[in-house]
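S.K.: For reference, the chains in residue letters:
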Amino acid sequence: MKRKRIAILAASAVLIMGGIAYAADHMDAPAVKGQTDDITDLYVFEGKNTDNLVFVANSQGLLAPSATAAASFDPTVLIQFKIDNNGDNVEDLVIQAIYKDGVINFFGLSKPSLLGTRTKIEEGNFLGSVPVTPYGAHSPIVTTGAYGIKFFAGPRDDPFFFDLDQFHKIIGGMATSFNNPGTDTFAGTNVLSVVVEVPKSLLHAEKGKINVWLTTSLQESGNAK
Amino acid sequence: MKALLRNCLLGLMAMAAFGACQKHNHLPVSPYFDEEDQMGRPAVNTVFISAADKENFNQTPPTMMPAAFAAEMKGNMLALNPGYTTNLLGLTADQFIGVLSTDVLNASTTGKTTFYDGTNVLTGRALSDDVIDVELTLIFGGPNGTANPGLTSDHVNANDVPFSTEFPYLAGPH
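Respectively, the protein sequence lines represent chains F and E. In this text, residue positions in the first sequence follow the numbering used here: the first is 1, and each later residue adds one. In this text, residue positions in the second sequence follow the numbering used here: the first is 226, and each later residue adds one.
For lysine to aspartate or glutamate, the following EDC-like pairs were computed, each having C-alpha atoms within a straight-line distance of at most 20 Å:
(1) LYS33/F <-> ASP278/E
(2) LYS169/F <-> ASP358/E
(3) LYS207/F <-> ASP92/F
(4) LYS48/F <-> ASP342/E
Stretch-level coverage of chain F by chain E, calculated; a stretch enters the list once three of its residues show a Cβ under 8 Å from a Cβ in chain E:
(5) 52-58
(6) 105-118
(7) 206-217
A short, non-exhaustive set of chain F residues, derived as facing chain E with CB atoms under 7 Å:
(8) PHE45
(9) ASN180
(10) GLY182
(11) ASP184
(12) VAL195
(13) LYS200
FYI, nobody ran anything at the bench for these hints, they're computed from the structure. Just so it is clear, the structure is predicted and the values come from calculations on it, not from any experiment. All C-beta atoms, glycine included, are put in the ideal place defined by N, C-alpha and C.
Chain E with its partners taken away, still in its complex shape (with noise of 0.2 Å):
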């Protein structure tokens, strides 16, 4: 009888042991988080980063980007647009990768916020800017815009609902 007491007891401080032990296994969690996606202007990763590098990019700080990744931006440029020469901003291939290989959005905080309006270039993103028609017509329209009518817009050219005036500014979801 009082050796089963003496088991039990001793069976009781082992599991409040193990007990204690696991409660020790239970780390604090961590402060640190590590960065998995990033996005500056839209479809830069998608578009113009090979498969291979699309998770390396995500993780590159923008000044870094220009460095690990201008060369191969371009490449897979002329490799969509062959005949590039300049584009309707008047860049060259280099110049248009140089500006684009910082994936970081740029917006003014004193004027018009557009991606680009046919005036103001860069100054932010709005909800409805049409921007793969911009960046279609970048990579594709040539000097003046015009070549290669049938892929510099997807005719898209709105969301399919509207967005509000009011913040939060996005419509509510379907």
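If we strip away everything but chain F, and leave its shape as in the complex, we get (with noise of 0.2 Å):
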């Protein structure tokens, strides 16, 4: 079932010491490595309006500038960020995102049918949609769903900013401290991003707090009943 995967990117080909390599999760494992599941990064903060919280999803990292136009969702990739409210570490509530057709639509906000690692749609609960901000656009194609949830999907700068390159070779011996100053290895590069921003009174939290994490997941090829 699982695809065979090919590393597109030439990142520095050192692996070292126990798999301590890469970045907040970018390129992470072999089978994500280059491909269009691959999470870069997960970000949980408090919108501008603090009556919400804003939810990001990165991924398909290292994009150059001159690869963003041709970088693409995945229609066979399903983003979820997940949402445990009550301190179980369990997905109480998922808020999911699929590409379609040069839109990514929303499902979600609700307990999902199934938990843990094998997920379905949840499509009796659509949420809303946005069109894909096309890269060189001149501002971001933002869209509003229901109950006032914000959406966005498109190429970003990468906000992850780390000095990999010196980490590298620290680990590997090369070196015996950073630099000062560093320099950002996540510069001037881009991700494609999925931002959703949600009334906090939605989450249900139960103790003032949440707990998310994001995962990608693939089609099952389609014997499956």
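Please assemble the complex out of the two chains, which come individually in their own frames, going by the hints.
M.R.: So, in structure tokens, the structure goes:
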């Protein structure tokens, strides 16, 4: 069922010390490295309107500007924010995003019908959709869906910053400390972002906090019933 | 002539049947999706999980992570810093790994959202949070955050371009 994986990105090929490598989550594992389902980062923070929480899912990292126009979301990859609102680290709510024909459709903010690593789209709980902002667009395309939820999807600057090259040198025994100033390995690179801003009241946090994890899942290849 | 016509008809019928058969072989698209990548806090899989277990970690529900990976994560942390005692948060290696091994991002719905700002700990992750310096300090910095000063900051303290104050907050692409 698993697709054959071809690592496309030519990253520094120093794989070192039990896999101490890479970055926030960029290219963290061989099967997702350079693939459309490779998560780079998850952010959760209070919105400009402090009644809201913002969820950011970044994927397909280290895109050079010259490669960004061709980068695309994948209709067979389901992106999900999984949210625990009562402190047991089991998903109580999901926000799902999936690409189709130039648009990202969003579902959920409901108890998922399946828990864990095998998932279905919560089609009965459609939240809204947003056209993917094309590379080179003057301004981001933003839409508002059910319950006032805001959506964005498209290429953005990678907000992550880290002197990853120097870290590799330290781990590889070629340096003993970071440089000052350091060099941001992610400067000038892009990611594909999905950004959702949700009224906090919809999250039903029992103790004033939630636990969130971001997942990407591949559609199974067909003969399942 | 008649025979030819019949053969043609048979051929057409066979083609039609074959076509139908082919159509039949186009199985319905599965409604199921299987998890491939996963992330809670930044750099946990990349720093603390051994190469052979990275896929496995990505496909393990958070509730099952501590039993499966805490020992390995502790070993890798102590390989990075054999002199680890406690960190700036006062956590022993077991306590620190106890927090990290359930890889979810905690976020407050009632207060400031930050990975760590000196006061608030793990109440979210803002775009401008220097999460790498926080993690380096907690791994290498000892109880006061001052040990191994060459390893507690990468001296990249902000993004290369400013963020927006308006949704979607991230800067436009390069």
